[in-house]
Each structure stands twice: as structure tokens, then as C-alpha cells.
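Asker: Below, each chain spelled out in residue letters.
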Amino acid sequence: MVLFLAGLGLGLAGGVAGAVLPRSARLPAAALGGATASVVAFIAAARVLVSGHVATAASGSVLPFSGVRLTLDPLGALFVATTAAVGLAASCFSVGYEAHGPKSRVTTATLPLFLTSLLLVPVAASVTTFMVAWELMALTSLVLLLTDHRRRAEARAAAQWYAAMTHLGAAAILLGLVLLAAHAGGQSFAVIAAHARAMPAAVRSVAFVLVLVGFASKAGAVPLHVWLPRAHSEAPSPASALMSGAMVNLGIYGIVRVGGVLLGGTVLWWWLVVAAIGVLSALFGAVHAAASSDLKRLLAYSTIDNMGLVLVGVGAAGALVATGHRTLADLAMVAALFHLVNHAVFKGCLFLGAGAIQHATGTRDLDRLGGLVHRVPVTAGLVGVGALSIIGLPPFNGFASEWLLLQGFLRGFGDPSAATMTVSLVGVATLALTGGLTAAAFVKALGIGLLGQPRSDGAARAREVAPSMLAGMAVLAAGCVAVGVVPGAVVPALRRAAQLGLGLTAGSPSPIRSGMSLDLAGLRGAIEPALLLGALLVGMAVVWGGARLVAQRSPYRSARRAEAWGCGRELQTARMEYTATSFAEPLQRVFADVLRPDHDVEVTHAVESRFFPQAVRYHRRVDDAIERSAYRPVIRLVSAWGALARRVPNGSTNRYLAYGFVALVVVLVVLA
Amino acid sequence: MSAALYVDALDLGAGAVLVCAVTTLWRRDLRANVSLLATQGVALGAVAGVQAARTGDAGLAVVAVLVLAAKGIAIPKLLSAVVRRDPRSRETAPLVNVPASLVAAGMLVVVAFLASSRLTALLPGSTARLAPLGLATVLVGFLVLVIRRKAVSQIIGLLLVDNGIALVAFVLTAGVPLVVELGASLDVLLVVVVLRLLAARMHTRFGPVDPDQLRELHD
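Residue numbers (numbering that gives the first Met the number 0), protein chains in the order written: chain P, 0 to 671; chain A, 0 to 218.
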């Protein structure tokens, strides 16, 4: 625990250094603080995950509600370790990123503080400590989001949305936790967990629904997701990586911690609700990601999609525990947490990559990118690793966790209970559909963004980014490959966290035999990613070698190569290429009912004749249908109410006096 | 003096205070309003003096003199200096016309009597039965504040409220401690001085003062 506290101290020191040091030393010092804090916290968390020991620390409390109480248990340690991994990469990346971007002392100093608060949330062990850490996280991320507020109106709008949503969420969480603390007679998590079974069922359910609203909004679950695509795409890239790789996870953490650990979650419908939200989020996020042509927005929607999958897994695990299928529940929970960790790693890598691409080309609009694989090969390669992971191809980590999730859902069919069977069925369908849509989205990102010819001057002039930025991305890309090749190495740690999250006893037999391979004991299912990788490499070598051999023996090997007639390719320009918008068009057509895109075709005719169009302009915009139908009316109502309220103070002294006078007379009459 | 005479004198003084307040609503000439305020101050001082004579309290006698000096003489003098600067010293456009405001005043007096019925029931047969007059003065003063637009009128309204509070204090408790009265009087004097300076400054800068025009500062 001392080690972990030292890590928090280093993070704070980084923040202070970023605020007070002179200009030249500020950035490296802050990044160093963030990076060392990540490394130290990772080691502390890894020790807990390996040994299973629980470490605690508590300060003396002078006043009621003033003491700090921290507990590093395997569940919290898993999230600390994940955050630390992304934090290390983001800190490295920020050195190069901020050195050339808008120089802001506030941003430099806030990034390590944001990281520190992210590390603090999973170890908080009392209601007050948790809420303080939670609000620190919200506040620092809001500050980071406002980095670009002078130049971009979108950043200001995103900050407003984010501030409103995160505050409503925090209020709901606070209400739920306070309700539990009041019934338990104490605010430490241990006390609440000890008294939770004796609480009335209604209290437990109300508290769970309240915290679910808050945590689901943080995890970006539909329909509380509206802040996420805005915030994640407008924040500076290191902050986006932390938000998408670490902050959204804490929403899942909160649901598991409160629903599973504190309340002992054995109520079936809670978890069915969680799974239903997850299904909605996964599909909604995947469809929007497939239709999006802004790189960071695409990544943000894909975060909603992946968090949805994790929620389905968590919901299925909870439902299986409630119906008494502990082994299967164990499997589903491990799979969900595994996917969460993997998502953090590859999405962190991709957001950093998006930052690097934006840095190199000046744009993140896929329609204006292209040809980057020749101009910035290292960046393109690292982004490629992240994209292949998220699509779920072996030997990368996305494959391992999606395989586990799929296995968990498929095994759920064997269960006679209608509820869990339905969840499993829907889970399989969701996983299949989102898998396909994700593949489409990232084929678009890779194919349009990295391959082909550059579609703008910025893309044509792209130069490789600073080594520190590449190092940050490489850390996470290496994680993608390592976890993907040897998934068995992390499974025991995931199991410790999963069992704690489900409230299962530690001694139960593991459903997953893990070594180099993943082997589902007694369930007949196994993968060996290392072997897959070997086979893949051998296969590639054979194909390549065979092709060479055939080419050498070919009678035409000395033939001169030239374009025969060109086939129209002689004059090929970037304007003949497929764009991201055109790539997404068929999918957008299929899902038009969900996406409700706005099309606009504007034709300018020649003055002489209307038969000769001079210019055709096509404009497409995909708004968030949920935002339009559910949020806009509420916002309009609140604005109207606000406009009405502004008429009350009209500047006339007499009117203000009259308000007081009328109030006085009314009070007198009432009292009389 | 006999007890009955004391009671009559108190009745007269307290009644005069309220009548002055209501008359302020009737008259729109600011000079007349200032002299009504002076009359009210004298009446208030007389109430305090009669209470002092009845209880034989020396402290209260000093308070009575102070009230007479401050509210009967000093404050009206300061105000009349402001009024004299302004040639058109009439409240030309009150927000509510005179007959309506007099009707409102009548209703406020009823409210005051209703509201303080419990207060008077506490001490039957004492001077507490005059408390409704003080409360009515407070309400009428507030009404002046609400419906008049000129700065001087609003100062007068504020002073009416203050006088009403003082009257309640004198009739409800057998005299206010000297220190309290001194503090309150000085506060009011200070307020008047500040407002007077402000009004004079605004007058030189913008001409005749109408706080309603401050609305333009809004937003």
C-alpha cells in the first residue's frame, strides 16, 4: 500500500511541477511524474493481483465524514493496473504532443492530476473518499476538455454537455450511496457490505438503480452516452486516451463494486437491465462508428460499442450468479473484465494514434487523409496493430477476449432458465453484429485513412511524429500483441478480480485452464494463440516463398512491366478514390432508420443553360437520433423556463421592492 | 398627570405617526412629504417622551430627545436640502395613482391589525394595543417604497418603515435601551447621508433622479 501511495504522491508532484516549473522544464517534469506514478501504481496493483492480498490504509478522522479510507483489493487493482498502463503511454505521448500543440500550463499540470484521480477511484473504500475521488476525476477531465476552448466552439459545447451529464450522474451516485450508508449506519464500504443483506429489498433496488444511472452514464451506455462522442473527440489526444481507456472503465467498476460487492447482487432483474443497456449500447455504438467519418468520433462511438459488450458480459455474469450457475458466471465475468482491459489497451493506442495522425496531417477527417502508410509508416503500423486488435483478429488481444465472451454466451444456452438463455442468445447476436460493424468501421479507418493516395495537402506533407509519441503508442501496441499471444498470463489475475466482483468464494475451481493456451475445463473449448501466431507466420512465409518461387520459374520473369493502356489509371487522382463517406454509404442506407442521416445535394448550374451543372456539392450529416428525440425537447423546455425566469428580475428597483413587500404581506396574512 | 391622560397622549402620538404616513401617500409634493416626515418624527419623539414620563426612566428620556433631534429635525433638514435643488419637486408619475394607493393603505392597516392581534393579546390593557399602528406604518412605508419612483420619495419610504419599527418598539416594550436606539438612529442617519450624497451626485450628473431609469443598466 505504501508503494501505491508513493505512486499517488508522484502523480501529484507531476501536477505541481507542471504548474510551477519554468516553461522549458514543465512538460518533461509533468510527464515524468505521470509516467513514474503509473509504473509504481502498476507494480503495487500487480503485486495485489498476483498474491491476492488486500492492502488498506486509513487516515484518522477528526470530523465526521472527513477521514480517507483506501483499500487495494484484486478488483480495484485490476482497474488500477489498466489505468496505469494507459497512463504510462499517455504520459510519454504528451511530451511530444504538447510540445508542438497549443501550449497551456493548465493542461500540462492537469494531465498528471487526472491520472492520479483515475488511480484513486478504484481504491476508495468509503462513500466520501469515493465521491471526492470521483468528482476530482470529473473536474480534471473537464479542465482538459476545455484545452482548445478558445479556438473551437465544439470544445465549449462538448464541455457543457460533459459537465451537465457528469454532474447529474454524480448526483445519482451520491444519492444511491448515501441511501445505502444511511441504512447501514456507516459510510465505509466494509460496513455497507456487511449490512447490505439485512436491508429491505426496495432500498437495495432503489440504490442500485440510482448508482446504475450514474455509472452507466460514465461508461457511456445508451441512452446516457450523449456526452461521450463529443468529449472524447474534442479533448487533447492523451486525455482522450485516458478518458476512453481508463475513465469509462470506472463506470463498469462502479456497477460491479456496488451491485456485486456491496449489495451482493443476487437480484436477477438488476443484471437483466444491465445486459439490456449493454446490448443497446453495443449496437448503437457500432452502427454510428461504421457511419462516422471523423477519426476520433469513430473511436469514441466504438468505445460505446465496446463498453456495451462489457456490460452485456457483466449483466450475463450477474444473471448467471442469480440463477445459481457459478462456473458459467465466473467465465462470463472473466471474459467481460478481459475485454475491458483489452479495450483499454487497444483504444488507448488508437486514440494516441489518432492524435499522432492529427498532429502529422492537421486533420482527423478521414475524407481528407490517405497515403499515410508511405509517409508515416511507424505511426501507421502502430495504428494498424490497434485496429486489428479491435476488429478481433488473432494473434491480437481483441481476439482472445471476444472469443471468451462468445464462449461464455454460447455456454449459457445449456441453461434451462429462460432469462439467462435469452441473455446468452441476445449476447451472441450482439457480439456477431457488432463484430461485423466494427470490422467495417476499422477497415474504413485503415483503408481510407492510411492507404491509397493522400486526399489533402496536409496528408501529402505528413511527417513522422516525435519519438516520445511513438514510444507512447508502442507501449500499448506491444501490450496488444503480448496479451494476444499469451492470454493465459493475465487470466489468473482476472479471475481473482472476477470472483471478488461476483461475491464468489476464492477456492472454487476455475472454469479456465490457462497456461500458454486458454482451455475451458469441462466445456470443450480451447485456443492457443501462440500456435495460431506460429501458423500464421509459417503460412505467410509459405505464400511469400511460393510466390517468389513461381515468379522465378516463370518464363516471363524478365518481361518489362508497363501499364498497357492505363485503363484510365494513367491520370488517377485522389478525387477518383473511395472516401470514408462513400465507404459508409451502403451501411448508412441499411441502418437509415437508426441513424436518420441528413442529406443535402446542392447543384449549381451554368448561367447559360440549366442542362450543364457547374458544381455539385454533397453534404451529409449524421446526428445522434437519441439526442435529437430525447434530449433536445428537455433542453428546449429548460431553456424556455430559464427565459421565463429571466423576466422576474427586469432591473426595476420598484419591482424588486414589490417582491419583498408582497412576500412580507403574504407572510403576515398567513401568520395572522 | 393622570394615567388616563398618559394613555390619551400615547394614543394621540401613535395615531399621528400613522396619519402622517398615510398622508405621505396622499401628497405628491416632495416638500410637503418632507415636512410630514418631520411631523412624524416629532410625534414619535413625543411618544417616547410620554413613555419616559410614565415610567420615570431617565434613559428613555434621553432616547426621546435623541429621536426628536434626529428624526424630527436633522434628517428632514438634510432631505429638504435635496428637495430644494430640484425645481420640479413633485412625484409626477407614481406607479399607482393616489386614490388606489389610499385604498391599498386602508387594506394594509387592516392586515396590520389582523397580523398583530396575537401580539396585542399577549399584554391586554397595556400600550401594546398600539402596536398595530406601528406595523401599519411599516407597511405603508413599504408601499411608498414600492410605488414611488423618485430617489427622495424612496428615502422617505425607508424612513417611514424605520419610524414604524421604532413606534412598535416604544409601545410594545417599556422603552428601548439607549444603546440600541443610538445604534439604530445612527444607522438611519448614515443611510440618509449616503443616499443624499448619492442623489445629489446623480442629480448633478444626470439631472432629476428617477431610479426607474436604472433599468437600463440591466443586462
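For the record, the hints were derived by calculation from the structure and aren't laboratory data.
Just so you know, not all the hints are guaranteed correct.
Among chain P residues calculated to face chain A with C-beta under 7 Å, some are [claimed, not checked]:
| # | residue |
| --- | --- |
| 1 | N653 |
| 2 | A657 |
| 3 | F660 |
| 4 | V665 |
| 5 | V669 |
| 6 | A671 |
In this text, a Cβ means the ideal position worked out from N, Cα and C, and glycines have one as well.
Asker: If a hint holds in the structure, say so; if it doesn't, say that too.
Answerer: For each hint, the structure was consulted:
Look at N653 of chain P: its Cβ gets to within about 6 Å of chain A, closer than 7 Å, so that hint holds up. Interface restraint check: A657 of chain P against chain A, minimum CB-CB distance 5 Å, threshold 7 Å, status holds. Interface hint status for F660 of chain P: upheld, as the beta-carbon distance to the closest one in chain A is roughly 5 Å, under 7 Å. The interface hint given for V665 of chain P is broken, as the beta carbon of that residue sits about 10 Å from the closest beta carbon of chain A, more than 7 Å.
Interface restraint check: V669 of chain P against chain A, minimum CB-CB distance 9 Å, threshold 7 Å, status violated. The beta carbon of A671 of chain P is positioned within 7 Å of a beta carbon in chain A (closest approach about 4 Å), and the interface hint is therefore held.
Comparing the model with each earlier hint shows violations of hints 4 and 5; every other hint is respected.
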